[in-house]
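> What follows is the residue order along each chain.
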Amino acid sequence: MTAASAPAPALARPAPGGGRTSPNLWIYVLLVGGLVLMVGPFLWMLLGSIKPQADFLRAPTLMPSTPTTDNYQRLFDQLDFPRFFFNSSVIALAVTVGNLVFCPMLGYALAKLRWRGKRLIMGLVLATLMVPAGITLIPNFILMSSFGLVNSYPGLILPFLAGPFGVFLMRQFMFGVPNELLEAARMDGANEYRVFWAIVVPIAAPVLATLGILTFLGNWNSFLYPLVMAQSPQMYTLPVALATFATGQYQADHGMLMAGSVILVVPVLIVFIVFQRWITEGIATTGLKG
Amino acid sequence: MTVPALAQRRAAEAAPPASRRPWRDDLVGWTFAAPFVILFGIFLAFPILASFVLSFTSFGLKDLANPVGSTVVGLKNYVDLFSDPVFWTALFNTFYFVIVGVPLTLVFGLLIATALNRGVSRFRTVFRVGYYLPVITSIVAIAVVWRFLLDPDVGLINMALGGLGINGPAWLADPVLAMPSIIAMAVWRNLGFAMIVFLAGLQAIPAMLYEAAAIDGAGRWQGFRYVTLPMLRPTILFMTVITTIGYLQLFEEPFVMTNGGPLDKTLSITMYMYQQGFTFFHQGFASSIAYVLFVIVAFVAFLQFKFLRSDE
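Protein sequence lines, in the order shown, are assigned to chains A and B. Position 28 of the first sequence, counting from 1, maps to 28 under our numbering, and the rest follow consecutively. Position 170 of the second sequence, counting from 1, maps to 170 under our numbering, and the rest follow consecutively.
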């Protein structure tokens, strides 16, 4: 390299959000075109959910002939969508709370404490990070059925309260907490539990937010396990209900299924748009989805 | 996972001071670890082992009342499995989905990430959120919406094709087109995830390298070829593995869109396991399917481990 490599801040790093070269029109055209393809199906879903049933019998149209809330009405009258919404919320929230308590505790113990068995536990937890969900499905079903917990909230919640992903995320974060800070608190007479709750947890708040959001979203969308475990309609979660109706007796009811999809998708879109920075940063640093 | 993480780990492991009372340290450590470890042991570690044991039994519906009383049949499930043409179909379909789907997902993700990183200063958040939206959305909802998009009578896609004078096919009912349709949907859904991870990787590449390449006369394409790609190698490898492991578990899309059809052309390994385990209640046999998938996934994860090590 020549003199040009002398530290010149303007050259050393592209301006945040800026390219090195002048913005190219064709890049914008490509990106906007792609964006239309990405957002299009969501708009199609929204428009479909307010189309009257008659619109699905004629030649296809983009816009509803007369917008209606009839499809949503049927979700509430003929099917028990408020109940499915409630089930999904309860399960996702309980799982999120569990992970927010148990994962930071183990993450802290793995990163900052000295105890026998640590390496074994760390190895076991990290080894299960990529285990396919299908592998635990049948044994957990048998386990739950022996305890009479199939088709119950505990049956749907318990297996997910302690997820390896959260431990991985928290452990990575805990390594970055300065030891001096912990030492100072210990010098002041705080025991490990107090150090954890009063010093570590407050520092970890942003990572906990990331973990909480990712866990919630992952569970809200979870399908295979609840499909097996929720056997009567009163225990259905939203994805199970939607998939069951979409493949069963309502499979031709386009409008109602679109409305059901909206109810499943919209809460997640709101959470995502509000918290998108935490989500994308959490994914970029760990490279893992919830 | 990454090189900085390893360096961090080494630094941190040197840090905790030796205690004069190791049993007290053990007590404190295990108090923090116990709640997670107990749940983890019961619902994750034990089931992984149990699944292995189950795959050597003829566990079925009648055994639910007394799980330990099921009959051990040795390797019968595996023998049956490997001589079962439906299993080979499911395996073939799943590999088809992975081998075509993974490269497409990564190429589109990298394309969008590069475009965002190099040419765009305005509306970056809008693009990032827009492209990422499908990733956080329920696959079930997406599959329902795409089923209607692809519908030959009322779907948007054939409506658009009709506008061009093309008579669109019945995508999901066609044995040749069903899997490509599902792949297209999976690429659409997951490219945003690849984009986010690649974007982070691209932003970590020092601009100096591009400056130096430019001085040496490299154009935009050469900059990408000789700076971006080599620097991004670990990220690309990691994304390949993560996406492959995810795609190997294909389930929701065929479940909602095709029920494995037409003619089993979209039946995946996980779907076959689900059918055997919960439609026919052959849970011992289904466990052997699950274990084959587990071994394939473990092999892919092992490859990543090996390659990342050789990178260091």
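Bear in mind the hints are in silico, worked out from the structure with no lab data behind them. For each residue, glycine too, the CB sits at the ideal point set by N, CA and C. Hints should not be assumed to be uniformly reliable.
Chain A is nowhere near these chain B residues, computed Cβ spacing over 10 Å in every case [stated by the list, open to error]: (1) F46; (2) P85; (3) A141; (4) D174; (5) Q222.
Only some residues are given here: those of chain B computed to face chain A with a beta carbon under 10 Å [to be verified]: (6) D25; (7) F32; (8) A50; (9) F56; (10) T71; (11) P103; (12) V107; (13) A200; (14) F255; (15) N259; (16) P262; (17) L263; (18) F280; (19) A298.
Derived, one-sided and incomplete: chain B residues facing chain A with beta-carbon distance under 8 Å [claimed, not checked]: (20) W88; (21) F127; (22) V129; (23) A170; (24) L293.
> Does the structure break any of the earlier hints, and which numbers would those be?
The structure breaks hints 1, 3, 9, 10, 11, 12, 16, 17, 18, 20, 23; every other hint is satisfied.
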